[in-house]
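Can you make the complete structure from the sequences, with help from the hints?
Our numbering puts the first residue of the first sequence at 76, with every later residue one more than the last.
Possibly wrong hints are sitting among the right ones.
[To be verified] Once the Cα atoms are required to be at most 16 Å apart in a straight line, the calculated EDC-like pairs of lysine to aspartate or glutamate come out as:
#1 K400 with E423
#2 K202 with D356
#3 K353 with D203
#4 K157 with D351
#5 K199 with D351
#6 K219 with D203
#7 K282 with E230
#8 K195 with D351
#9 K222 with E295
#10 K199 with E357
#11 K412 with D455
#12 K171 with E218
#13 K310 with D320
#14 K84 with E437
#15 K412 with E431
#16 K282 with E316
#17 K310 with E295
#18 K219 with D167
#19 K129 with E394
#20 K461 with D474
#21 K400 with E126
#22 K461 with E409
#23 K84 with D116
#24 K469 with D386
#25 K400 with D467
#26 K324 with D303
#27 K222 with D296
#28 K222 with D292
#29 K456 with E409
Hints listed in this document are in silico derivations from the structure and should not be mistaken for laboratory results.
None of these values were measured; they are calculated from a predicted model.
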Amino acid sequence: MKMSQSFVKTLRQASSEETTKNGALLTRAGYIHKEMAGIYDFLPLGLKVLENIKSIIREELNQIGCEELLMSTLQNPEPWEKTGRFSNQQVDIWFKTELSSGGELGLAPTHEEPITALMKSYVKSYKDLPISAYQFQTKFRNEKRAKSGILRGREFLMKDLYSFHTTPEELESYYDKIMKVYQSIFNRVGIGDITFPCFASGGIFSKYSHEFQTLLDVGEDTVYYNQDKSIVLNKEVYTEEVLNDLGVKPEELQTANAAEVGNIFKLQTKFTDPLDLKFSDENNVEKVVYMGCYGIGVSRLMGVIAEVYADDKGLVWPESIAPFKYHLIAIGDEGIKTANELYRKNPESFLYDNREGLRVGEKFADADLIGLPQRIVISDKTLAEKSVEITDRKTGKSDLQLLSDFS
RNA sequence: CUGGGUGUGGCGCAGUUGGUAGCGCGCGACUUUUGGGAAGUCGAGGCCGCUGGUUCAAGUCCAGUCACCCAGACCA
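Now the structure itself:
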């Protein structure tokens with residue numbers, strides 16, 4: 076991408092409304108634009124990061140046989156009424172709207188009901204199971220208090236996966252499988268070492284669930300963990316009973332702030348029962364389908380990663396999700412000529428700061444702010460060595476590398 | 001939702017006891033500069049969140065309303 080061709084501009088100062096690193100830096104660097112509290116646009120660079128995260132998730136899920144689909148945002152109240160979740164008393168974060176004919180609709184805050192209803196068209200026999208289907212979808216939740224940049228929004232991108240099984244045992248082993256896949260996803264996006272499966276409340280679904288919590292100062296959750304972090308539990312389930320279940324004593328636990336980046340539930344028949352999703356077994360006996368659901372807040376994850384890696388100069392992206400690998404800056408006529416050639420050969424790899432009339436200092440500052448893994452500078456100085464200068468964003472270390480290595 | 005705070009050019013802010021707005025950055029043009037956010041000259045840009053009220057006169061006072069921020073509560 077050539078910066079001269081982008082409508083986006085970096086900002087020296089973020090709006091004072093952005094009080095977190097992720098909100099302020101993503102705004103300044105031109106990744107996001109705020110519409111309203113908890114409602115953001117993703118600009119070209121931000122979209123690329125989102126897409127890169129999605130690709131990693133997609134790869135990992137497809138690898139274990141999950142199928143991707145895309146469901147509707149507008150929700151028919153009918154299946155939700157069968158589980159009691161259309162009522163504002165039960166679920167108080169609905170955005171609702173209506174048809175011109177007067178009928179009521181909801182904007183999906185999640186998709187357990189519609190996907191269970193959908194599966195009724197396709198699940199008849201034990202031969203049809205198991206099924207696992209996921210989507211990347213914009214969810215709407217009328218949060219009383221949106222905050223922390225893109226960490227808690229009213230409109231956000233979520234990956235939601237649902238699995239359907241013939242027995243609780245099959246659900247159990249699938250759940251364990253997803254747990255491992257999630258670890259792998261969080262490793263690949265660069266936060267594996269500070270992200271842990273965490274015992275949490277099952278909410279209205281079940282006694283316990285697992286959250287994936289990333290240790291983070293601005294995280295909204297408080298977690299307790301032991302030394303090697305093999306046991307992590309959310310404050311909301313910090314009771315004597317739970318500590319006994321897990322076999323830990325209070326004095327063995329430390330506390331930290333954390334952000335929930337994923338959550339997995341064994342729903343059992345919580346939804347399949349009221350929505351009447353059944354199958355016939357080998358003996359032609361009708362049974363209720365067992366179900367699990369597994370979420371990752373994709374846009375939140377982007378914010379968490381920004382927050383985790385950012386330094387005082389700006390963003391620092393892990394290479395796996397960076398919008399581009401290289402930030403290209405040319406100095407002098409010869410430098411520009413060489414940079415143009417380099418860019419032409421492989422435009423996908425470079426964010427090329429070819430803006431005219433800027434001093435290099437500004438370009439360097441913007442490169443630090445935007446946070447691509449490596450900055451490449453081409454000038455008379457480097458060309459004299461038939462080289463380019465490569466600076467690692469994270470360590471700040473510079474090296475000359477032969478120009479020929481890039482062709 | 002409860003408590004506190006804030007709304008003034010794109011962004012950050014200042015506006016004394018009421019007398020129809022100013023600074024910095026950014027933006028545009030030109031000149032000189034050019035390996036870490038340059039300098040000069042000229043210039044554009046605001047019915048002060050919105051509505052109503054008090055007053056000869058409201059950015060300033062009063063009431064209402066909306067939005068945003070923080071803390072808490074909530075969070076499938």
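Going through the hints against the structure:
no. : hint           : in the structure
1   : K400 with E423 : holds (9 Å)
2   : K202 with D356 : holds (8 Å)
3   : K353 with D203 : holds (11 Å)
4   : K157 with D351 : holds (10 Å)
5   : K199 with D351 : holds (12 Å)
6   : K219 with D203 : violated (41 Å)
7   : K282 with E230 : violated (28 Å)
8   : K195 with D351 : holds (8 Å)
9   : K222 with E295 : holds (10 Å)
10  : K199 with E357 : holds (12 Å)
11  : K412 with D455 : holds (11 Å)
12  : K171 with E218 : holds (13 Å)
13  : K310 with D320 : holds (15 Å)
14  : K84 with E437  : holds (12 Å)
15  : K412 with E431 : holds (14 Å)
16  : K282 with E316 : holds (12 Å)
17  : K310 with E295 : holds (11 Å)
18  : K219 with D167 : holds (9 Å)
19  : K129 with E394 : holds (14 Å)
20  : K461 with D474 : holds (13 Å)
21  : K400 with E126 : holds (15 Å)
22  : K461 with E409 : holds (12 Å)
23  : K84 with D116  : holds (15 Å)
24  : K469 with D386 : holds (9 Å)
25  : K400 with D467 : holds (11 Å)
26  : K324 with D303 : holds (15 Å)
27  : K222 with D296 : holds (13 Å)
28  : K222 with D292 : holds (14 Å)
29  : K456 with E409 : holds (10 Å)
Comparing the model with each earlier hint shows violations of hints 6, 7; every other hint is respected.
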